[in-house]
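Q: Here full-length UniProt numbering is used: position 318 in the sequence shown is 318, and no number is missing along the way.
In case anyone wonders, no lab produced these hints; they're calculated from the structure.
A few of these clues could be false.
With a straight-line cut-off of 25 Å between C-alpha atoms, the simulated DMTMM-like cross-links for lysine to aspartate or glutamate are [claimed, not checked]:
{"id": "1", "residue 1": "K293", "residue 2": "D132"}
{"id": "2", "residue 1": "K293", "residue 2": "D108"}
{"id": "3", "residue 1": "K293", "residue 2": "E69"}
{"id": "4", "residue 1": "K293", "residue 2": "D274"}
{"id": "5", "residue 1": "K293", "residue 2": "E110"}
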Amino acid sequence: MDEPVDLDLASLHPAVDDPALTSMNFLNEVAQHWPDAVSLAAGRPCEEFFDDDAPRRWLDRFRRHLVEELGQGPEQARRTLFQYGRTKGVVHQLVARNLAVDEGVHVDPEAVVVTVGCQEAMFLVLRALRADPRDVLLAVAPTYVGLTGAARLLDLPVRPVAGGPTGVDLADLRDQVRRARAEGLRPRACYVMPDFANPSGASVSLEDRRRLLDLAAEEELLLIEDNPYGLFPAGEQGRLPTLKALDTRRRVVYLGSFAKTVLPGARVGYVVADQRVAGRDGAVGLLADQLAKIKSMVTVNTSPLAQAIVGGALLEHDCSLVTANVRQRAAYGRNLRHLLAGLARRFPAPSPVRWNAPAGGFFAVVTVPFPVDDALLRRSAERYGVLWTPMAHFYDDGAPVNALRLSVSAVTPDQIDLGLDRLAALVADELTTSGSPSALVSRDAVR
C-alpha cells in the first residue's frame, strides 16, 4: 500500500522545484551515481594536495595568534574557538590582510563578513538588494547555477547579459539596464566572474574591467564580483587586478571563497561590502553591517573552528594564498594545457567540434553539432565511462544547448587522456547517429 501524501509540491515555495535548484543537486551528486566513470565534470580542487595534519596545525597556529598577537587569555581564546561567535566572523582582519597582500585591495576589516561558503555570501547580498517586486538582477550568461538558484529562492528575477569570449558584452549590459528601466523595473546589480569564469572559462580584459566600472558608475549599478579561480592562471602571465582592486567608487561587492585555495571541507567564504548605507536616522554605516543582520537569522555565525583552520592557513603563509597555492597553480595549468592539446589531437580540423582556450581556471567549453542534455550525460556515463557537465544547466531559458563543460581540477593528465578518448568515442557515435560525418572525429588520435 502506498504511503499517504502529506503535502503537495504545489503548496511549497516554487523555487524548490525550480530547474536551477535541481541542477545544483544533480551536478553535486552525479559522480556518486557513476563512481567508475572518469569525471571531467567536478569543479573540485585537487585532492592530491590535501594534508591530513594541516587542519590541526592551522588550528594551533590560529590559537597562538589569538593569545600571542591579539592578547587573548587562554579562557578567552578557548571561548573564541568553541562558543558561538561574532556574526561577521573572527578572521575578518586576516581576510583583509590577505586581500591587501594578494589583490592590492585595501578595505576596513569591518567591511568583511565571513560566511558559510561563498554560497551564503551570494544569498546575503541578493537578500539585501531584493527590496521591491520591481527589482531584477543582471548576470553574465552562462551563469553559475548557484547564483541563479539563490535568486530564485528570493523571488529575484535574473536577466541574462551576453558574455562571449571577452567575458562580458558591455553594450548588451547597458542595453539590458536601460531596457529593464524602460519596463518600470529596477536593475540592482550585475553578477560577473571576471577571471576564468564558471562555466565558460572566459576572462575580462583589463581595458574592459575599467570600462565595466565606468558603466556601473554611469548607470548607478552595483557589480557583484565573484572570484574563486583568480589565483590560477595557466601560464606565466601575471594576474589581472580584480574589479575590486580597480574600484574607486565603491561599485563592487566582492565575493571570495577559501574552498579552492585552502580547504573545501571548511566551507568558509566571505563578502566585502564597503558600500556606505544611510540609515533612517541619518547615521551612516556599511552594507556589511546590514548583511550581518541577515546572516544572524540564516546561520547565526560561521563555525569558529572552520574559520580558525582557514585563519591558521593564512597565518602560515603570511596571509598570501598566492604563495600557498604555487603547486596547485602549476597542476591546474598543466592539466588545462594537457586538455586543450588533447582536444586538438582528437578533433583536428575540419572537425565540427570546437572549444575555447581559457587562460586559466578549471574549465573549458566544448561545442558540438548535436544537443547536449542530461540524457546524453547519463548515456555517456553508462556506456562510455566519462562524465562532463551539460552547458544547458548554466542558461535559464530552457533552450537546447550544443555544448558541454570539461573540468581539469580533480583529475590527472592520464585521466584526462582516458576521459577524452571516451568523449571522442561518444562524439563519433553521436555524429553518426545524427547523420553528421563521423570521420571528422579523429579516431587515429585516440590512444
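Q: Each hint needs a verdict: does it hold in this structure or not?
A: For each hint, the structure was consulted:
1. K293 - D132: Satisfied, since the Cα-Cα distance of roughly 19 Å is no more than 25 Å.
2. K293 - D108: Holds, because 18 Å separates the two Cα atoms, which is no more than 25 Å.
3. K293 - E69: Violated. K293 to E69 sits at ~29 Å, over the 25 Å cutoff.
4. K293 - D274: With Cα atoms ~15 Å apart, K293 and D274 stay inside 25 Å; holds.
5. K293 - E110: holds (14 Å)
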